[in-house]
Structure formats: C-alpha cells, structure tokens
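There are 2 protein chains.
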Amino acid sequence: MALYVHKYGGTSVGDTDRIKNVADRIIQARQRGEDVVVVVSAMSGETNKLVAYAQAVQERPDPRELDVLLSTGEQVTIALLAMALRQKGCPAVSYTGWQVGILSDDVHTKARIADIDTARVRAELAEGNVVVVAGFQGVTEEGDITTLGRGGSDTTAVALAAALKADECLIYTDVDGVYTTDPRVEPRARKLERITFEEMLEMASLGSKVLQIRSVEFAGKYNVPLRVLSSFKEGYGTLISYEETGVEKALISGIAFNRDEAKLTIQGVPDRPGIASKILVPIASANIEVDMIVQNVAEDKTADFTFTVHRNDYCKALEILEKNCGELGARRIAGDDKIVKVSLVGVGMRSHAGIASKMFEALANEGINIRMISTSEIKISVVVDEKYLELAVRTLHDAFELERAA
Amino acid sequence: MALYVHKYGGTSVGDTDRIKNVADRIIQARQRGEDVVVVVSAMSGETNKLVAYAQAVQERPDPRELDVLLSTGEQVTIALLAMALRQKGCPAVSYTGWQVGILSDDVHTKARIADIDTARVRAELAEGNVVVVAGFQGVTEEGDITTLGRGGSDTTAVALAAALKADECLIYTDVDGVYTTDPRVEPRARKLERITFEEMLEMASLGSKVLQIRSVEFAGKYNVPLRVLSSFKEGYGTLISYEETGVEKALISGIAFNRDEAKLTIQGVPDRPGIASKILVPIASANIEVDMIVQNVAEDKTADFTFTVHRNDYCKALEILEKNCGELGARRIAGDDKIVKVSLVGVGMRSHAGIASKMFEALANEGINIRMISTSEIKISVVVDEKYLELAVRTLHDAFELERAA
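Chains A and B are the protein sequences, given in the same order. All residue numbers for the first sequence refer to my numbering, where the first residue is 283 and numbers rise by one. All residue numbers for the second sequence refer to my numbering, where the first residue is 283 and numbers rise by one.
Calculated directly from the structure, the hints in this document are not laboratory data. Mixed in with the good hints there might be a few duds.
A pair counts as met if it fits within one copy or between any two copies, since identical chains are not told apart.
[Stated by the list, open to error] Cut-off 30 angstroms, straight-line C-alpha distance, at most; resulting in silico cross-link-like pairs (DSBU-like, lysine-lysine):
(1) Lys370 - Lys392
(2) Lys302 - Lys331
(3) Lys515 - Lys620
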C-alpha cells in the first residue's frame, strides 16, 4: 500500500474549522487507498503565546523548561486532529514525539533528530489507523522533552518519511507550490511541476520562504520526494526530487531575489595573502553573516574587496570596517544599503554555456547596471540597485520564457 | 530533612504574576530548610478552553485523545513555575506525569494511580532541586497519557506525598482553611485548626467544596497529613489527620449543608420484603444518585418511603415513580424540591449521647420543622424547608458554641 506522510503547518491548523478541513483532506487520501501519517504544527499564534508566558516569568527562559512548555502546542493539535478524524468516521490515533520514539540529542530548543523508532507507527498503520504525530519535538535518551527549532515540523515529517520509506512527503502550506518567481513581482510567474533538491535549496535560501532549508537538505540526503502543496486549494503542488535522467529539463527553473541585502567595499587594499581573512574575521566575530564575496585585483597591485550582509547588519559592519581601515592599509571604505540580489536558478545551466551572457544582455537592454556578480554550479546572482528589482525580475522571467512550461 | 509536598490549584497559578507568587512561597519553605515537591494544576480557564476546542471537533471527544489534549494544561504550568523559580535563583526542574513515573490504569479521563516510581524525584531532591510535577495526569504501561478526572491534582499530590513519605501534603487553595460552616451563611464561623479525615469526608461530601473527596480518602488510607491553606494569605490553615488520642476533642467540628436537594415520598406501600429495591432500581437505572433514604412503617402495615436526590434529577425521578405507582401498590406519590439538608459533623458525637436531642430542640425553639432525619456514626443530618437554611445553620452554630475553639 502506498504510504504518504502529510505535514500541515500552523496556518493550516489555525482553528478548529481548519482542523476539520485537514481531516477531510486526509480522508480523501485514505479513499484513494493510501496509508497516511500526519505531522502537525501548533495552531498559529499558540507558540507565540507560550513564549510570551515564558518571558513574563524568566528573563532568559531555561531551555529545558522552554521545551516542556512549547511542546504542548503540537500536543494540542494532534489530539484535536485525531478527534476530528474520528468524528468523520476515520480511525486515528495521536502520538507525541516521545510516544512515537523520536529520539534527539539534548541541545534544547534546537535539537537534532538522532533516531526514530518506527515500530509503533507501523503497528498502528497495520491496524488501519491514521497516525497523527506532533511535529517539532523529540525526547532525549534520559527522557527529557526537546524541540527541534525553526522549521522543526517539516524536519519531523521528512525524517518520519525517510524512516518509514514513505512514497512521498507532502508539505501542506498556505501556498500551492513553488513558482518560477514571486507572483507578487511577476504576475506571469508559473507554478513549477517539479524542481530538484539543489534548485530548491538555492530558491529557499534566496528568499522563497516555502520550505525550511534544513528539511530540504534532510529530504535530499535521504532521497525523500517532497511535495509542496496548498491545504486550502486543490492541486498537485510542486514535487521536489532528484533530477531524472532522460527527462528534458528546463535550463532555468526560477528567479529568486532578496531585498534585504547591503554591500560593503574596501577599496585599494594591498593584494597579499591573508587580506580576505583580516577583513572578514572581525565581521564574523560580531555575529554578522556574510553572503556574497567578490574580489578584483586592479593594475596597481591593490585589490577591491566587496561583500554583502543582511541590511540589518549594515551599520555595524560599516563601523567595524572603518575601525580597521588603517590596519588593513585600505584607501577607502564604501557601502550601499539600497541594493538587492537577483538570482537565476537551474540545474540545466550546468551543461549550457551562454546563460550568463544572455542574462547580462537582457539586463543591459533595460539599462540596469550590474553592481556585483557571483556564480555557482546552478545559480547566477547579480546585485543591482534596489529600484530595479521588479524590472530585473520581469526582464529575466521574460528573457528565459519562464511563463511557458519546458 | 523535612519533606513537604505542596499543591497549587488553578486559581493559585491563574496567571504569570500568580505563578511568581507561588515561586515566592516555595522559596520561603526552602529558606526554612524544607525539601519541596510541588504539584500544580492547569492555569484557571485553560482546561475549559481545551474542552471547548475538543467539543468543536468531536461530538463526544474520544477519551484517549481528550487526555492527550487536557494534559497539556498542567504541562504549561510546570514549565512556567520551574522558570519562575530559576529566575529567583532557586534550582528547579519540571516533570510531567509520564516523566516522573506516575503509572495509572487505562480508564481514560478518570484513571486511577496504580504506582509511583519515586527514583527520579528523590534523585532531583538529593541534587538540591525543587521538583515541579504536573498534577492530574499519569501514563499507562503502554505509554498512553491518562488524566485522573476531577480533583486529580489533589490526588497526585497526596499520592506523591504517600510514596515519598512526606511529612505533610499542603493543599494551597483560595480559602485559608476549613471552617465550622460556610462563613457566607454564618459570619461567626471559625476556622478549624484541625479536623479528622472522617469529619472532612462528611464535610466535603455535604457541600464544603474545599477538597476533593477522593484525595481525602486517599490521604486517610495512606495516613498522609493534609493541610488546607491559602495561597494568597499567610497562615497555617487546617490540618486534616487522624484523631489523636489524648487530645481534647470538640463534640462537633462543623455544620455542613446542601442546597441542591429534593425529596420524594411514596406513601402507603405494602410493607413487605423487596419493596425498597422495587422503588430504587428504576431510579438507579436512570443514573439518578440517591442521597438520604428513610422508611417508616405505619400502623396499617403500609410504609412511607422517602428519599432525596439532586434537585436537577427531581422531575425525572418523580416521573419514574408515577409510572411505577400502580405496580408498587402505593397510595400516593409526593415530592418537594424546596428542601435543604443541614448536618452536624463531629467524631466527638460517637461517645456522647444527647447531641441529637440538643440539635432537634434548638431547631424546634426557632420553629423549624424537621422533614427528615438521617444519622451516621459522626453525623446527624436533617432535611428542612429551603427558607430555613440560614436560620438552621446559625441556630446550630450558636447552640453548639462553634464560634469558640474547643
């Protein structure tokens, strides 16, 4: 029998009516003859309420106790969903993380799953039950409750799907799939039928906040096909899997972008070994994450070194550079926090030359100046002035004909 | 080292400020050099909110799932109280029912504790921690979450105190002790320093809703001294324990009453064996609980049979009797739902004649007609017209000089 792991996020189970809708979806799957394991998050708003309680009693809430507290959120949802299924005549049983045997390490509030004992889930499935599992939580060997941190419910679903060798892991959310780009920027954006894990990682990290990166990495590692789909609308969503040989693949899958970037340039530093680390170590020490890094050597044997950071960290980074300017022997520090990053993503570009030149040409035709370029195997990113974001995305979407299926 | 089990009910932990107050009380106990295990209920209102959720998704919520749902209420409180204690520098650690080893049977929503494994609590106490335990919940041998039903947190506290051989079990609540009668009826009611388990059982079942009957029975069975005291006011409350020999004991400890009674009389039934069961079996089959039962034989060899029920069941009981009237050979069915029960309670009356006559005389002097009488070893109950309730309580309180300490 086909086995599917469903995952419903906080919005999808946000109130009792929505929980009933989720029950209907699960019953549809059962009527198609599928075995179903369901992973759910806390009802939206619940986790924030609990965190507010914690902060009211302890300045820095104790991590062990915070996990005891927060894990109640998902526990409420599993019980309600199991009840809703039973009300509609569908046999169902709920399991918390510790009950179902999701063993984790003891790093409270951001634990990692160490092992899953699937015996109890398999037994319940064999008895014809839908198994409803609390996402986001586990238990240590000593019996302490843990939570898996941000995106933890996605991780639970993928880990369960891997452990159970499920056919697919369906991530139900409030969007109906992964698009070629953000439809709010380019209305002609097209929903993708499929995308590879690598492309999804690039899309996710570049700003398409559909799935948590960790769960995509996890799914890729254990080769669990992921499907992103809407819990409110019908449809097949987008399948995230490995590239299939023999399938004609589009060159470009999508266009990601990131509005929250700022760039910093150190001009005229002496071009000698170690200069890059001298610049970046103080930045990293201040807990500032660096995204793109580009370095050019000028004719006078000095280098221009440019990197981007999150816009919130811009002032702090600028301050650090200016303090170190003398030591670095730099001529000048420059910065700009009115920039954005736009990226073409696609496994197809690996084997095709000419993508970059076509991209740059399309942007040039619209008079968009490229301020920075960075490339990887399956991605080309450019930094442009903030005001060109929408124009750049639409221009590239058009140039690569993304509105048309491959 | 002296060991005390504290129990704080839903009102005492009703919000984060009150949880901080509870932390202060516990820290005071620690400063007196006491080891403390704390049992807490859900924050007031939480359980009702969860029940409403359940009823919104399933007409008759599945008992197993209801337990998964409701047990989250106490889990929230234990985490918050442990945090509040840590914030104030007091080492503390929380435990759910399953974590602390409170093993129960599998009768969901009204499970009974089968065993408590105290190893983990003792280890935490030895390390200098306050141990905060979720009341009202346990776990079956199969690992299913159970709840103990109404008053379950009191039961958890008493069971833990018994298993740990604690010096006392302190039940913190919103009243500051057990009174000779309800102070809202008799302002001169006096707080009792001590009362026996048997007296407390009679007082509780007769309407003084300070403690749940089951936990008093449990404390009596395992000889755990119970103390009822206020979580908002200072004071030593009331100690509930076995009668101490050699201690001069008052004849009467208090006056309980019950406003919710109704009485039914079957007049002129033939006085022959089996008539009582013929009357009561159909009543019990309709799930109506019967309280007092009185039967008198008249000179004509017919009997008058009278019993009381909860006022909510009055109409249903009357209907059943009228339907069976012919079969019973009764002359007439009569009823009255405007009556109340007033009871004198005291272990001292065991060895003293004259209590009953003094009671009846005092009531007669005020013109209060007694409609029914029932007695036990340590209690005399009378049924009187509803309108006389306050007068009867005050008259008896005065006649037995209950405003004065023994």
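We went through each hint and held it up to the structure:
When the C-alpha separation of Lys370 and Lys392 is checked against a cutoff of 30 angstroms, the pair qualifies only between copies, where the shortest distance is 25 angstroms, while the shortest distance within a copy is 36 angstroms. With identical chains, the CA atoms of Lys302 and Lys331 are at most 30 angstroms apart both within one copy (23 angstroms) and between copies (18 angstroms). When the C-alpha separation of Lys515 and Lys620 is checked against a cutoff of 30 angstroms, the pair qualifies neither within a copy, at 37 angstroms, nor between copies, at 59 angstroms.
Checked against the numbered hints listed earlier, the structure breaks hint 3 alone; every other hint is satisfied.
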